[in-house]
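Full structure from sequences and hints, please.
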Amino acid sequence: MSDVAPTPSRPTPARSLLVEDARTRRRNAAERRFRAYGVIAIAIAVAGLAFLLFTIFRDGSSAFVQTYVKIPVAIEASVVDPEGNGDPAEMQKILTMSYGRLLENALARHIARNDIQIEGLEDADLSTFFSSQARADLRRAVLADPSLVGTVVEHPVMTSSRVDGMFKGRVSRASAAIDAKTSAAQYDLAMALGARDDVRTTFNWNFIISTDSSDNRPEAAGLGVAIIGSFYMMLIVLVLAVPIGVATSIYLEEFAPQNRLTDVIEVNISNLAAVPSIVFGILGLAAFINFMGLPRSAPIVGGLVLTLMTLPTIIISTRAALKAVPPSIREAALGVGASRMQMVFHHVLPLAMPGILTGTILGLAQALGETAPLMLIGMVAFVTTYPAAPPEGFFDPASALPVQVFNWTQRADPAFFERASGAIIVLLAFLLAMNLLAIYLRRKFERRW
Amino acid sequence: MDDVRLAERGVDADAKVKFECRGVQVHYGEKQALKDVDADILDRTVTAFIGPSGCGKSTFLRCLNRMNDTVASARVDGRILLEGEDIYDARVDPVQLRARVGMVFQKPNPFPKSIYDNVAYGPKIHGMARNKAELDEIVERALRGAALWNEVKDRLGETGTGLSGGQQQRLCIARAVATAPEVLLMDEPCSALDPIATAQVEELIDDLRESYSVVIVTHSMQQAARVSQRTAFFHLGNLVEYGDTEQIFTNPQDPRTESYISGKIG
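Going line by line, the protein sequences match chains A and B.
Start counting the first sequence at 1; every next residue gets the next number (the numbering used here).
Start counting the second sequence at 1001; every next residue gets the next number (the numbering used here).
No lab work stands behind these hints, which were simulated from the structure alone.
None of the values given here were measured: they were computed from a predicted structure.
Using N, Cα and C, we set each Cβ at its ideal position, and we do this for glycine too.
Keep in mind that a hint or two might mislead.
Unchecked claim - The calculated EDC-like cross-link candidates involving lysine to aspartate or glutamate, where the alpha carbons are at most 20 Å apart (straight line), are:
1) A:Lys323 - A:Glu266
2) B:Lys1124 - A:Glu331
3) B:Lys1113 - A:Glu331
What the hints assert, rightly or not - Residues from chain A that face chain B, not an exhaustive set, calculated with beta carbons under 10 Å:
4) Pro257
5) Val336
6) Gly337
7) Ala338
8) Ser339
9) Pro350
10) Leu351
11) Pro354
Next up, the structure:
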């Protein structure tokens, strides 16, 4: 090799590998900058998410506990059974209001007996101390068991939202003093009872299972109807959108001839995925309620609207999953004499399964969080009765989780704000569960080829 | 071309004609891929299709079991008779045809299932076994036929994609012969294999000649010389020359064939 002439024009005669030249330096700097942009973008996203979750949990976690006060309540016969004959029909005539007096008297007696001194305590402070739900609960208990009349019961009594807020730190003495619905004296009373260990804070099952409540008693409002409504709608979407969507994708991907018509259909499916969800709500209102005469506020209508909305998502993800199956598998199946349908159902579909399931569950999760179209079909109604079991229940009025959140944020009482945040936590828990299921199914069905 | 085995294996004088092809033309859309091919493919014979890339040899092979049907733009004209019956007749179900004309592809493509299921799939969908014992027998026979039985008999439940490349290709051959086809089409079956696996598959092809008509597309002229008795040379969509392998390689009649086998074109 020694007789070969050296390459005539080298730009720099002696380059060392140990020294970066200018070009390499610029290239490396550009790469470092690009990586830094990526890290910054992710950091911003994580910070935003953390802040969102932090505020939601800060405002909403207190919705999962509820404060009760445990005092002896005398069921005075003179109030609840004025005739004194224990006739249930007569006792039915005594309204909830009177039971409120029982609680009021019990609280007054409790204060007197234990020598609690509160300055400026008025009757109103006593009557608004407990939730109006507590009166109704007490009445129901007495009517169910008339032998309670004349006895003293000692069970936790639900406090009103303001008193509940005092123990959760939402209501301070200063804010209580300027609030028409409470007072500084009521705050002092609450703290005095708290100091006496009369206060019980328990997990708020009511919040999960109860129905919505009126503006006067946010402490009694629950998500029961919304959860059932959302569950029914998911059931309808699952039963309708998944088979229709998967069947459509299989037909379009594996069987349909390539012509103008199928091209038009494909373009339209992609466009449908981009249609704002509220448009689907208007469609549902026009088609299902006005034209077909289905009832308003019913999970059946919500489920149908969400089905239409979810179909494009499911079709697009299923087709992508089918496309990802290598053509060699199709050829192998056809080569041994499988029919097209056998090829699809024995080989292509099992391989596409993880992708189909992931797409489907993400579509369902999207439908679970959808609010706008449901408002148009009346799911935003105030519903205090549980829908019946399916299939009749599909036609009963119900609410839905995201709509319930919207509904509660519209109410004035800060206790509803707390509940809205709590409902968001429940909704997020459901979404998280669905996404985990999607990941699990993906792992379970994933196969190498 | 100086392979010693070349001279040993002549064509059986009494070999029956399996495929009779007359005026076969294939278009992909506007483009003509195959021009007026006339050829007879013999039973119990290995027929090799050689030629440069894009010459139409794979296209012709895929006509023989109607795999071209899966390509939407493909159009096949002319007549291809399998034992006297036109396989492009409207009454022919390609599924039945493909059970009689098996295929092995360029890249080993076992199903992502167990070795057993890979081989048993064809017999199952064609209802060839009445019970598990019969199916077991078919699977064993096919795996023995593909010279794979001894290597996999203890791990039939393992996934077929976990085998080595050569084993995967022999598994695909086992899968193809499990349905008891009459013809076995092989589209460059060794192009993804190393020389040792190639030698095993070539040996297998020679054995398969006992029971099947084998048609093999290959890029390697040495391979064609080693395994085949008949060779067809394709060029630019034309069947240029078709004859006994020995004659094609030693005494080509067409100048194009001569240039190709001597390495001047292709």
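**OP:** Tell me if Val336 (chain A) is really an interface residue toward chain B, meaning its C-beta lies closer than 10 Å to one of theirs.
**Re:** At 4 Å from the nearest chain B Cβ, Val336 (chain A) passes the 10 Å test, so the hint holds.
Original post:
Against chain B, with CB atoms and a cut of 10 Å, does the hint on Pro350 (chain A) hold up?
Top reply: 8 Å, holds
**OP:** Classify the hint on Gly337 (chain A) as holds or violated, based on whether any CB of chain B lies nearer than 10 Å to its CB.
**Re:** With Cβ-Cβ at 4 Å, under 10 Å, it holds.
**OP:** Return the status of the interface hint for Pro257 (chain A): holds when the least beta-carbon distance to chain B is below 10 Å, violated otherwise.
**Re:** Hint holds; Pro257 (chain A) Cβ to chain B Cβ min 7 Å, cut 10 Å.
Original post:
Quick one, are Lys1124 (chain B) and Glu331 (chain A) close enough, alpha carbons at most 20 Å?
Top reply: 18 Å, holds
**OP:** Under 10 Å, Cβ to Cβ, is where Ala338 (chain A) needs to be relative to chain B, so tell me if that hint holds or is violated.
**Re:** Holds. Min distance 6 Å.
Subject >> Evaluation of the interface hint that places Pro354 (chain A) against chain B, nearest CB under 10 Å >> reply: Hint on Pro354 (chain A): violated, closest Cβ of chain B at ~12 Å, above 10 Å.
**OP:** Have a go at the Leu351 (chain A) hint: is there a Cβ in chain B nearer than 10 Å to its own Cβ?
**Re:** 7 Å, holds
Original post:
Are Ser339 (chain A) and chain B close enough, Cβ to Cβ, to be under 10 Å, as the hint says?
Top reply: 5 Å, holds
Original post:
Would the pair Lys323 (chain A) and Glu266 (chain A) pass a check requiring their Cα atoms to be no farther apart than 20 Å?
Top reply: Holds: Lys323 (chain A) and Glu266 (chain A) sit about 14 Å apart, inside 20 Å.
Original post:
Between Lys1113 (chain B) and Glu331 (chain A), is the straight-line Cα distance small enough, at 20 Å or below?
Top reply: Holds, at about 16 Å.
Consistency with the previously given hints fails for number 11 only.
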